[in-house]
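Protein chains: 2
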Amino acid sequence: MKIGIAGVGITKFGELWDKSLEDLIVEAATKAIEDSKLTKSKIDALFIGNMLYGKLANQDHLGALATSLLKINCPAFRIEAACASGGLAVHLAIQSILAGSYENVLVIGAEKMTDYPSNEISLGLMGAGSEEERQAGLTFPGLYALIAKAHMQKYGTTKKQLAATAVKNHYHASLNSNAQYPFEISIESVLKSSSIVDPLTLLDSSPITDGAAAIILSKNVKKGDVYIAGSAVSTDSLNLSERQSLTQMQATQDAAKKAYSQAKVTPSEIDLAEVHDCFTIAEILAMEDLGFCKQGEGGKFVESGKTRLEGSLPVNTSGGLKACGHPVGATGVKQILEIAQQLKGLSGKRQVKKAKVGLTQNVGGTGATSVVHILKI
Amino acid sequence: MKIGIAGVGITKFGELWDKSLEDLIVEAATKAIEDSKLTKSKIDALFIGNMLYGKLANQDHLGALATSLLKINCPAFRIEAACASGGLAVHLAIQSILAGSYENVLVIGAEKMTDYPSNEISLGLMGAGSEEERQAGLTFPGLYALIAKAHMQKYGTTKKQLAATAVKNHYHASLNSNAQYPFEISIESVLKSSSIVDPLTLLDSSPITDGAAAIILSKNVKKGDVYIAGSAVSTDSLNLSERQSLTQMQATQDAAKKAYSQAKVTPSEIDLAEVHDCFTIAEILAMEDLGFCKQGEGGKFVESGKTRLEGSLPVNTSGGLKACGHPVGATGVKQILEIAQQLKGLSGKRQVKKAKVGLTQNVGGTGATSVVHILKI
Chain A
1 MKIGIAGVGI TKFGELWDKS LEDLIVEAAT KAIEDSKLTK SKIDALFIGN MLYGKLANQD
61 HLGALATSLL KINCPAFRIE AACASGGLAV HLAIQSILAG SYENVLVIGA EKMTDYPSNE
121 ISLGLMGAGS EEERQAGLTF PGLYALIAKA HMQKYGTTKK QLAATAVKNH YHASLNSNAQ
181 YPFEISIESV LKSSSIVDPL TLLDSSPITD GAAAIILSKN VKKGDVYIAG SAVSTDSLNL
241 SERQSLTQMQ ATQDAAKKAY SQAKVTPSEI DLAEVHDCFT IAEILAMEDL GFCKQGEGGK
301 FVESGKTRLE GSLPVNTSGG LKACGHPVGA TGVKQILEIA QQLKGLSGKR QVKKAKVGLT
361 QNVGGTGATS VVHILKI
Chain B
378 MKIGIAGVGI TKFGELWDKS LEDLIVEAAT KAIEDSKLTK SKIDALFIGN MLYGKLANQD
438 HLGALATSLL KINCPAFRIE AACASGGLAV HLAIQSILAG SYENVLVIGA EKMTDYPSNE
498 ISLGLMGAGS EEERQAGLTF PGLYALIAKA HMQKYGTTKK QLAATAVKNH YHASLNSNAQ
558 YPFEISIESV LKSSSIVDPL TLLDSSPITD GAAAIILSKN VKKGDVYIAG SAVSTDSLNL
618 SERQSLTQMQ ATQDAAKKAY SQAKVTPSEI DLAEVHDCFT IAEILAMEDL GFCKQGEGGK
678 FVESGKTRLE GSLPVNTSGG LKACGHPVGA TGVKQILEIA QQLKGLSGKR QVKKAKVGLT
738 QNVGGTGATS VVHILKI
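Respectively, the protein sequence lines represent chains A and B.
Going by the numbering used here, the first sequence opens with residue 1, and the numbers climb by one from there.
Going by the numbering used here, the second sequence opens with residue 378, and the numbers climb by one from there.
Hints are computed from structural coordinates only; laboratory data are not their basis.
Backbone N, C-alpha and C define an ideal beta-carbon position, used for all residues, glycine too.
Check before you lean on any hint, since a few could be wrong.
[Claimed, not checked] Label-pair ranges, simulated between beta-carbon atoms: (1) K600(B) / K2(A): 33 to 39 angstroms; (2) P494(B) / S118(A): 22 to 28 angstroms; (3) S118(A) / K733(B): 56 to 62 angstroms.
[To be verified] 27 angstroms max Cα-Cα, derived DSS-like pairs, lysine-lysine: (4) K219(A) / K149(A); (5) K634(B) / K219(A); (6) K634(B) / K71(A).
Isolated chain A (complex conformation) (with noise of 0.2 angstroms):
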């Protein structure tokens, strides 16, 4: 597989009262559109990833609302898979390219949170799980927080550990001046913020953002160019009690088997990942799930600075979720990009290295959905 990424736009990510889900969409679209040079009419299909807006602001159709805003007439598809709305986009422009139907694809990712009610919010985004998790009274705080005892349990990985993944993150953002929370913060500062969920505190959280991404994905790859070597997805249960293990998640596991089969890597040669930290202990998982350290070990595994911008393998250069933000729709497509900007050495202050290989990995729900993309240049 060898998809090309010709273009990238972004919004600033944070709480954004002054722009509608649809500035952001126009804002994130031409950029990526003027960055690839690409005139409207080379557009072929457009893909948007979004969960919330036909819930929160009466507004579906979102395929044929951005092609009309952008004044782009080309086939629309709107994609949803709850958090990893923005990833499964991705997937399903790369199977259109593929398919040799169209030649350049305009993937968007974009959701916007913040001018809404909380309880609205809360309420919608369990719209990811499931309906006895929801009548169980359970929360996505409540959730993750049952995947991180059951880890500290069983493996002994500690509150410094899952600290240390946001401090990590917040080193990240405050080199990224798109970042909702760019400055950085203490291990301590996390240990004493307000308990969510015991053993998830604030700090160990994901914040409720604004924002967009987007891509041009193109059939055509030019020496020098950025590409997608490999795209794949898996599910799992929708309903955290049904799953085999509490401690892995099985989909991303299975996403990214054939991800590194596809583009012919294996875990060691991946220079830097962006992973699903929508709260810490998910980037925990993540390490050992997409084979980064051992089962058991993704705890000390981060506490060891490893993934740290100056680390063997920085992981979640962004901010991640947790401090970059995570406006949902978006954060599938924002990770791709990420990675792009850095293998072409364009990310400035947070420039990793020598990178020639990235990988991302987004998750809906607490991993019903799992999508790994690897990016070679």
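Given the structure of chain A, go ahead and fit chain B onto it with the hints provided.
Chain B alone, transformed into the frame defined by chain A:
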């Protein structure tokens, strides 16, 4: 393009008070899998078209929900484009097969509409249109009434011609035990039924429906299998007021042109069609936009009887959206299923004789999205 239809399954359409969306998904998909004689492990991916379940029932992430319910372990995608969600799910499933990524793909269209307050349904459906239209107080009957008025003024189309469309579709539905309204009606009863928005009456309008349909698409096409020979999507402005014409759907014309070219057929070679008659005027426009008659002559064409079961080009043998019912996310998949069954000679009392080539047209909103498929045997 040659994508086989390896199996189909459908539920009863109607007010199914005792069935949840989950029940409908399982029933239609299980029937399709049984019909295909494939084991579940041979299903490589799942696509589901649905518009409203996130909004009405707070359940998103329907791809993973469906794989969980069906106990199938495969990549899963929810596609949404208002009432064209089902047709777009089929189009994207085809892309994934053409890409070489998946061999056998289960496509489900499903919608549960009748267990919710009618104001929530009305508001929800307006998510298919533009914010300007909602703010202007327009509803979908209102928008289609504007289209009907314009067509009547420009071409002399009559209320009786609109009514003839509904009468024909109810006649077809009277031969379909899965239809929501399996009984005949008269021209007089349409004209005398409650006015919704002049010139459209209650019996010019498709109903609120629960239902699901599923098909299995396959790379492998055996002799005697029905296959998809053309699949094309096109978009237009979301806002009706920004269209070049009120009396044509440009997106349908564009999608049809591409699909005819892919399938190497002309409109005159189509033996039967399922079109998007959300209101009677929409079927009249479809006749023109698909090239079955000249612009402006759709009313006369329907009135002539040519599109009745015994006519030269039977249209909406299922009963159409009007009388078979319109569970919005299911409609695009049901249309393909109806044509596939007809081409295989399995349509019983409503069988079209010697049909070899069929067409489906599925519309989102007032024509911001249109998707056309052409099937052959």
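### Query
Hint by hint, which ones does the structure fall short of?
4
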